[in-house]
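Q: Keeping their order, the protein sequence lines are chains W and F. Quick note: the first sequence uses my numbering, first residue 1, plus one each step. Quick note: the second sequence uses my numbering, first residue 1001, plus one each step.
If you're looking for bench data, these hints aren't it; they were derived computationally from the structure. Honestly, I wouldn't trust all of these hints.
As the list claims (entries may be wrong) - No more than 25 Å apart at the CA atoms, straight line, and that leaves these computed lysine-lysine pairs for PhoX-like: (1) W/Lys184 with F/Lys1101; (2) W/Lys184 with F/Lys1102; (3) F/Lys1101 with W/Lys19; (4) F/Lys1003 with F/Lys1102; (5) F/Lys1138 with W/Lys173; (6) F/Lys1101 with W/Lys173; (7) W/Lys170 with F/Lys1024; (8) W/Lys18 with F/Lys1138.
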Amino acid sequence: MIALGQQIENKFLTAVNKKSGNNILDCYQCGKCVSTCPVSSFMDFPPREIMQMIKLGLKDETYMANSMWFCLTCAACSGRCPREIDIPRVMESIRHLAIEENVNPDDPHVKNIRKFHEIFLDMVRRYGRNYELRMMAEFNIRTRNLFKDMHLAPKALLKGKIPIGHEKVKSAKAIQRMFKLAEKLENTK
Amino acid sequence: MTKLTYFPGCSAHGTSEEFDSTLKLVMKSLDVEMEELPDWNCCGATSAHVMTENLALALPLRNLVLAEKLDNKTMGIACASCYSRMKSTKVEMDNHPELAKKINSTIVEEGEYKGDVDVKSMLQFFYEDIGTETIAGKVTYPLKGLKIACYYGCLLTRPKNITQFDSPEYPMSMDNIVEALGATATPFDFKTECCGASFSISDTEIVLSLSGTILEMAKESGAHLIAVACPLCQSNLDMRQPDIAKKRGKKFDLPVLYITQLMALAFGYPLKDLKPSKHIIPIEQALSHIGEEIATPEVKKKPKKAVEAESEVE
Ligand code: SF4
Ligand code: SF4
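Could you put together the complete structure from these sequences and hints?
A: Here is the structure:
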């Protein structure tokens, strides 16, 4: 192999490759993923650019982007990627790396999305199952957006769309233990 | 009698109660005995894998382990999101025994994962285990005249290496089932586009935009209604439809029905069993097209299309 200039180890690329089980260097920037992705227009950098940023080792810029938070894991892109890169898996990996390194982008959308997932998981931790009305209410309270979706609430409630009262898994204790043990695993990697 | 373990998922006892209840009716007609997975837990949905690595596998794994305690070979999953989490976990566990062991260590009481229960979406179960012929044989009230856009969303057929079912780009399984019920499936290019899924609450604008395009294309295909097989798709397309209509300045009037509601109707259950009052967009007007003659060119085209479709899927 011909080395052009000085070779600097790209630690970020190695980390993402390892976590995602992909080789980002395979990406030849065709842009198919961008034209396929339903949310690329909402992203700071569409998937193709994220791939290039990882190749260039632009860790901070990647972590601060909202792209991986907008990824819906719909896998439309990876189905069409000629280099067979599992793009949603890469998105997931950089998201997890960013969480591990405690990077919090300032983007209000990202804040909302994170809050939503945190509340959701909290609900599962407590009850073993999710409870939709409570979920909506807690999200709106915690994001101080009390009246969001209020126009839907009475209609949905009337139509029995959203149940009142809620379900618990019998072995809620087992779930709570699972959360603790999984958290430990997360920290001992 | 076929037996099937049933994983309802959190929304079956909530927003998608009519999916759950019509599924039970349909299975009764098809002679399938469903055994609800005892003490199942939430699969973690999008949230677990957005935020964590291990929990995203542990939550579904507990359900898989519980399912292995029953005698049934297959677990049928109602919600597409639950299905996706459960199937990905299964594939991951089967391919990486080391990882399986590690994740299994977080599930203390339930036991070891063996990997001998198959995981299928209900759509896949209907298509592969029951078959369109058997389904057609149960029809007592053909849905002739009804034009239906079949919407699969992203997770029922993607990613291909996980789902191993139908086409990731242009699936036909639901279209074929709908035709077996006597209805006409419209050509619908947006059948696997994403509806915005879990952004329903956290980033509603995205859902309004993505689901809006899906509604536009379904309307353009000439459909009277949309058929779905996932509670999240249903609520995004139905509950958000008035907002989308307002935003786009047009009316869609496209009710969104679960495939099981349509099957129940065709199998002869009365309209009230479909729980029409659960729908934000009323379903009665669309269903009144049943019995109508479809304009001649379409009738001519239909058999050829159905044959092509069949061979494409196989
Ligand atoms: S489709 Fe694949 S190869 Fe093309 S730009 Fe996207 S990731 Fe790179
Ligand atoms: S998986 Fe993510 S990046 Fe790929 S098309 Fe879907 S939303 Fe876009």
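Q: Now look at each hint and say whether the structure bears it out.
A: Right, here's what the structure says about each hint:
Taking the CA atoms of W/Lys184 and F/Lys1101, the gap is about 15 Å. The hint holds against a cut of 25 Å. Taking the CA atoms of W/Lys184 and F/Lys1102, the gap is about 12 Å. The hint holds against a cut of 25 Å. For the hint linking F/Lys1101 to W/Lys19, the alpha-carbon distance of about 18 Å falls within 25 Å, and the restraint holds. Pair hint F/Lys1003 plus F/Lys1102 does not hold up; C-alpha atoms about 32 Å apart against a cutoff of 25 Å.
Note on F/Lys1138 and W/Lys173: the hinted pairing is violated, with a Cα-Cα distance of about 44 Å set against a maximum of 25 Å. Distance check on the hinted pair: F/Lys1101 and W/Lys173 sit about 21 Å apart at the alpha-carbon level, within 25 Å; holds. Of the pairs offered as hints, the one joining W/Lys170 and F/Lys1024 holds, with about 23 Å between alpha carbons and a cut-off of 25 Å not exceeded. For the proposed pair W/Lys18 and F/Lys1138, the alpha carbon gap of about 51 Å is over 25 Å, so the pair is violated.
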